[in-house]
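Asker: One letter stands for each residue in the lines below.
Protein chains: 2
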Amino acid sequence: MNIILLSGGSGKRLWPLSNSIRSKQFVRLLNHNGKYESMLQRVYRQILKIDPSANVVVATGQSQVNIIRNQLGKDIPICIEPSRRDTFPAIALASLYLRDKLNINETETVIVCPVDPYVDDSYFEGLYEISKIVNNNSLYLMGIEPSYPSEKFGYIIPATDEKVSEVLTFKEKPTKEKAKEYIKEGALWNSGVFAFKLNYIINRINRKYGYIQYSELLSGYDGLEKISFDYAVVEYEQRIKVMRYCGFWQDIGTWDSMTKVIPTNTIGSAILDESSTNSYIINNLNVPVIGVGCEDTVIVASQDGILVSNIESSETIKQYVENVEISPMIIEMEWGTQIILDNSKKCQTKKITINSDKCVSDYITDYYEESWTVLEGAGEIQMNNTSKKIGQGDVFKISKETKFSLFAQSVMTVISIGVWC
Amino acid sequence: MNIILLSGGSGKRLWPLSNSIRSKQFVRLLNHNGKYESMLQRVYRQILKIDPSANVVVATGQSQVNIIRNQLGKDIPICIEPSRRDTFPAIALASLYLRDKLNINETETVIVCPVDPYVDDSYFEGLYEISKIVNNNSLYLMGIEPSYPSEKFGYIIPATDEKVSEVLTFKEKPTKEKAKEYIKEGALWNSGVFAFKLNYIINRINRKYGYIQYSELLSGYDGLEKISFDYAVVEYEQRIKVMRYCGFWQDIGTWDSMTKVIPTNTIGSAILDESSTNSYIINNLNVPVIGVGCEDTVIVASQDGILVSNIESSETIKQYVENVEISPMIIEMEWGTQIILDNSKKCQTKKITINSDKCVSDYITDYYEESWTVLEGAGEIQMNNTSKKIGQGDVFKISKETKFSLFAQSVMTVISIGVWC
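Protein chains in written order, with the numbering used here: chain A, 9 to 429; chain B, 9 to 429.
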């Protein structure tokens, strides 16, 4: 099957693990065989488990490219939206990417899926089933059997309670009372999945933008009208089908929901005393966090800041995070990570980790001179047309506007001190 | 007057602002005209306000010398105990220091005072009064009028309720019920102050150790029996007087008591939302701390770690801090501060601040080579018998076993990267 993973989001609600670059889907807190993975990594792993030959393309903006490659590998196809134009242009661009860049046949199925549902594998088995039954003129959705009368989701009212049913109608995010009524009528949560044949969407694209190639849509992308897929396509569709999913489903958008799926009450260097109840410490720092007498509290510490929140109130943190204007202190790059250790007026000290067999390429210091000290690991640098082996304790300077690249033969950690010119 | 300030303590209960070097009396959170001062700085300032010609000597161990000079200036007399031998040897050594080093006449009064009472200026006015009325054979104490039946203090039962009274008897730390009884009898808290003529203590020293000079007691100090001043002196004294203090008095040994005297609910980069009640954020880091829906909570963040504690339970943190074996990440030196930014297996990255007109002298890197990058400020280094001006952006290496010194003409900040040989 061919899957477009829509990856957006600003990541204010999982602060300080999420930041303006690391949206919630990139936060690595989900347990998989004793290792931590992100929502993106989990969804990608689940898709390939159900269909090892699936073509997955991630539709996103430029700011997420590095972290996606860091988490899924450098070969993951990424369709980069030059600007945010809502879901119809994004899906259109990714669909043309599938056809024109990945040479997917127009008779194949495309499934558009948000990148952040926390679900059982059976969810992706459902998507796989859908991919087999979609025909030329049909649009399929995925409906989630509601576990409570949520006010946060749109609802789909199916015609029958069969696994696959016609859709009778859609309902906007309701009040709690309305939600209860809908659920009595057999309503499902709209999970944001769309499945169709590739030629189905090409047809809609051609109608809207004229016959167009991927590269053409890309170059004119900034000028496109902002319009959602629901508004551009779903509203005009007479025959929509929905598949019912009744397994575990969680929208992990807040610390409240995240604490329901993380494996332990403490992650990282943390002590929670015995008098604490229903509390969590998630600590990404090297120094300890101690919680004493905490009740219904989530404590999260990272290089970007520290949150202490009542679990149920954690949804409200967004407004405070928005008032805190700091640039991210930890950034995941395609080749590793950068942590800002110190920001002075005219200097910046960073700890840089370059993963084994990765290359920091075309690194140019535009604005300042940097001196790098190798803490651990070994590699080879290319600078000014010469190549040199470097290892622990070595120091080298990168002058302004020098282009250089560093290939790490083993995991390298480096302290970089940049002095502004 | 002559005052011996006893400065000890391990600083577990105000973690993470206190650590194995920075005991509670060095934590700078007390407001004085909009600036933060430590307990030590406050007490010292109060003493000099009442008696500008007071001779103050701090009795302490080697580990506190740097931070005391950092906070009180390099000229503050410090009597350094080579090891911990309880209060009688400490007071004996400091008394001989007064006589032999500071040339104080034996007929003058000495007042021994713990370094950490949070009191009004009138407390020190009381000490000044005592210094005027002590005679050759009298021992004076300071009693605090109790504000509640505490189980944490010893009690003094005075003969009368006059400002200065004979002591009838002493009572060990009581139960709450016993404390109530004592208070009905007019008991006072024992504040740990002792006042006497210098020849009074010299007399006791000679009786115990023979006629001895400061330098002799110092060199034999490690072999002295551990014995408290109460046990060695007070128990044998027939006529003890106590002065009554009825002003504000707080023993700031826990976050519970500290939050009662700090000026605001948030210190440093911190946001406490409107739904939070009776909560405090004290943040020494450069990244923000956000508290949402906190109740009766104290949140403290420093380079050494993060504490989130119910205020009333904050006394219990000691046991958890003891289980966290990390060396201090922030150290106050005589000349400034050192913050460890990163500890790797074979490298350490520090941010060093050297205060204006201060000198990092006789700095020898025994174990590793260091490279220093100047972030801000200007100064002059002496190394290998040469002298050189340095400023922003300059980098210099200090090789193993090289002796060097750096004088800061303005506040200098430096990043030091040490590589272990």
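Calculated directly from the structure, the hints in this document are not laboratory data. A portion of the hints provided could be inaccurate.
Identical chains share a label here; the pair holds if one copy fits it or two copies do between them.
As the list claims (entries may be wrong) - Derived EDC-like pairs: lysine to aspartate or glutamate, alpha-carbon spacing no greater than 20 Å straight-line:
{"hint": "1", "residue 1": "Lys-171", "residue 2": "Asp-129"}
{"hint": "2", "residue 1": "Lys-358", "residue 2": "Glu-384"}
{"hint": "3", "residue 1": "Lys-405", "residue 2": "Glu-377"}
{"hint": "4", "residue 1": "Lys-186", "residue 2": "Glu-323"}
{"hint": "5", "residue 1": "Lys-216", "residue 2": "Glu-114"}
{"hint": "6", "residue 1": "Lys-326", "residue 2": "Asp-281"}
{"hint": "7", "residue 1": "Lys-405", "residue 2": "Glu-330"}
{"hint": "8", "residue 1": "Lys-353", "residue 2": "Asp-402"}
Keep in mind that this is a model prediction, so the values were computed, not measured.
Asker: If a hint holds in the structure, say so; if it does not, say that too.
Answerer: How the hints compare with the structure:
Taking CA atoms no more than 20 Å apart as the test, Lys-171 paired with Asp-129 passes inside one copy only; the shortest distance there is 17 Å, against 80 Å between copies. When the C-alpha separation of Lys-358 and Glu-384 is checked against a cutoff of 20 Å, the pair qualifies both within a copy, at 15 Å, and between copies, at 17 Å. In this assembly of identical chains, Lys-405 and Glu-377 lie within 20 Å of each other by CA distance both inside one copy and across copies; the values are 7 Å within and 18 Å between. Proximity of Lys-186 and Glu-323 under a CA criterion of 20 Å is satisfied in neither setting, with 22 Å inside one chain copy and 50 Å between copies.
Taking CA atoms no more than 20 Å apart as the test, Lys-216 paired with Glu-114 passes inside one copy only; the shortest distance there is 18 Å, against 101 Å between copies. Taking CA atoms no more than 20 Å apart as the test, Lys-326 paired with Asp-281 passes between copies only; the shortest distance there is 12 Å, against 28 Å inside one copy. For a Cα distance limit of 20 Å, the shortest separation of Lys-405 from Glu-330 qualifies neither inside one copy, at 37 Å, nor across copies, at 43 Å. In this homomeric assembly, Lys-353 and Asp-402 come within 20 Å of each other (Cα to Cα) only across copies, at 15 Å, whereas the closest approach inside a single copy is 26 Å.
Checked against the numbered hints given earlier, this structure breaks hints 4, 7; the rest are met.
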